[in-house]
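Number of protein chains: 2
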Amino acid sequence: MSEDGRAKSELAGIPQYDLRILNPGAIQINVTGAFIVDEDQVDGRLTPPDTRDIALPHHHERVSHLAVDIGGSLAKIVYFTRDKNGNGGRLNFTKFETDKIDECIEYMAELLDSRKQGRETQHIMATGGGAFKYYDRLRERLGVEVSRGEEMECLIAGLDFFITQIPEEVFNYSDTNPMCFAESRPNIYPYLLVNIGSGVSMIKVTGPQNFVRIGGSSLGGGTLWGLLSLLTDANSYDEMLEMAQEGDNTQVDMMVGDVYGGDYSKIGLKATNIASSFGKVFKESAKIPHNGEKDPAEVLAKRQGLFRSQDISRSLLYAISNNIGQIAYLQAQKHQLEHIYFGGSYIRGHPKTMHTLSYAINFWSKGEKKAYFLRHEGYLGAVGAFLKQRPKEEWIAGNQ
Amino acid sequence: MSEDGRAKSELAGIPQYDLRILNPGAIQINVTGAFIVDEDQVDGRLTPPDTRDIALPHHHERVSHLAVDIGGSLAKIVYFTRDKNGNGGRLNFTKFETDKIDECIEYMAELLDSRKQGRETQHIMATGGGAFKYYDRLRERLGVEVSRGEEMECLIAGLDFFITQIPEEVFNYSDTNPMCFAESRPNIYPYLLVNIGSGVSMIKVTGPQNFVRIGGSSLGGGTLWGLLSLLTDANSYDEMLEMAQEGDNTQVDMMVGDVYGGDYSKIGLKATNIASSFGKVFKESAKIPHNGEKDPAEVLAKRQGLFRSQDISRSLLYAISNNIGQIAYLQAQKHQLEHIYFGGSYIRGHPKTMHTLSYAINFWSKGEKKAYFLRHEGYLGAVGAFLKQRPKEEWIAGNQ
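Protein chains in written order, with UniProt numbering: chain A, 1 to 400; chain B, 1 to 400.
Think of the hints as simulated: they come from the structure by calculation, not from any bench. Please note: incorrect hints may appear among the correct ones.
Copies of the same chain look alike in the list, so a pair counts if it works inside one copy or between any two.
[Said to hold, decoys possible] No more than 30 Å apart at the CA atoms, straight line, and that leaves these computed lysine-lysine pairs for BS3-like:
hint, residue 1, residue 2
1, Lys283, Lys100
2, Lys283, Lys294
3, Lys370, Lys352
4, Lys266, Lys334
5, Lys352, Lys266
Make the full structure from the sequences, and use the hints.
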């Protein structure tokens, strides 16, 4: 990360990007000199929050809409603000828990209100499952048109934009270089998008409008968050990730060495490989049996007291990340895709998670496939919806 | 299941099976008329316990060894007993938790003791990780030779024996016919063995001695057991499976319908598909925050009190079974294997588990691949070790 964000955009040398070429009817955003605003960066943090602004110094056209992607767990908002000094403007990113959807809608209402000028009609671009589930509520409270974008289309449009237009957005992870920015590739297709939100979707993308959902998994961010909310006293997903950072999974996982007393070299398993996630737990729990007389809650509290929240968090983070990595590899292999992008709000710049996903892809593919991450990983759908502004009729047709 | 087990073996018409052909140095077992002893069967139970004896009415040779397969969670014992009326004998199956390995060794000591006759030397065939980890303890307590069998070789030898020699052992599951016995196939290779113990191993088998471990997962029986021992007051794995049978996973899982308000038909997801396992949990848990003043145990007890143990068990059983099913399909697809056998002690005749695994294989492969189950699913390694008796030197060489 350079200290002067502005310098980077000149190096990147990206031409003006007319989204109308890719998406007929979409808005035109002038991305000349676009860069991620890094000034909020605080020392020592491996990656910045994914809500960092993207500056668009040469975009001067008025923007009359904002976009929201309402998923199972999180609602993500993208909107444009003008620079007070006339240096174009910025894309802003913010998110809410979907359970607090009314707060989210209130936030959008204030945004619309603050931008009201003359008689120009503002409107909302919405995507994600909640665009359907909360459609009526959005319209009623906001009193503006709400257009709906097909979720996968928006994800892909957003990812394509980040890959091709935003310098220092996409990166590879390694322990020695946690954020090695990816070089731009002349032809980005085909690729595999692994979108990890509450659940996981895997989408094979062969062109700007050409994609198919080839698989997925119900073991995603919602699983990690849900299980850890019952197993640790963390209050938020970010707290859980912090706990995991300090944990030692070998306290709860059964390692190959625990079973074999060493490596199982004949089949290539090391003593330090995980044989069974949480495989050590039931042996300890069995020491505190429930005999029917005791209060069940007391039994569970005692069993849980045998393990550290940090170790449990680390184990589950590993288990789910490894699993997604393996399935992603197998799908990429099956569909002959070399480049694998991880999107969604699961990772959040967490090094252990990126390490695990990268390791899994590298290990299984023997180095032939590459894992890519994004700084705005959670905002693919929202940015896609923001860019894909089209007449309402088209969207509705596209939804079916 | 027929009421008269004996009738079945005549139908099967299996010739005498000389294991020495497949495994030089192995013992000869006369399997003419072998059948699973069903008389213990109790009404209404879908599948019999996996410890049901196998009768070998025409085997009269003395058997001077017993076999044990010591895994991460369970130690499985197979031994032969003579019929008192001179009608051959039986293979007996029993298991212990590996954590109670001393009880298991004591059991073997009693078996050896009861069979002591004249000066014939008895011995132990051991396999699984514990054959290495507990090797010294076995030798010291039992005072007999302990030969060690390579785990994967034993698994395959045991499975081959069950597939080719034991009638009504291998079956396909469907909701309308939960135990549809598989027809014998002239050539059983190649196939995929998915062995689900504490963890999961996937082994591609192309011939009696020809196999390779192509993958696996740390999310297996140990994970289910471990997590549920912290989330429910069940005392045993079987209790957890019973709880799961009565649960409703939609109380804890986020369904596609919860996100979209209906189907997401464009990409083929139904409202009733699971979008995120445990995806509903954190939303409820968030209503009981931990503010730093409260006792963490109290907070967790309250959060857990929001959900039924049965629903949690069902959700986790589905999640892990689905996941194994998907990975098994992808591996089978990659290696062009049509027949998928599920072994290990995970399933235990539990219909929901077999339904989920079968459904996953059928769904993903569009009906092209088949899931097979075994009544003695947990004893593949132990039976393989029992059959693969060889001079000790050979085993030791084979271990490396």
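Going through the hints against the structure:
1. Lys283 <-> Lys100: between (40 Å within a copy, 10 Å between copies)
2. Lys283 <-> Lys294: Intra 20 Å, inter 29 Å, cutoff 30 Å: intra and inter.
3. Lys370 <-> Lys352: within (17 Å within a copy, 37 Å between copies)
4. Lys266 <-> Lys334: So Lys266 and Lys334 pass the 30 Å test inside a copy (27 Å) and across (22 Å) alike.
5. Lys352 <-> Lys266: Classified as within; 28 Å inside a copy, 35 Å across copies.
In terms of the numbered hints stated before, the structure departs from none.
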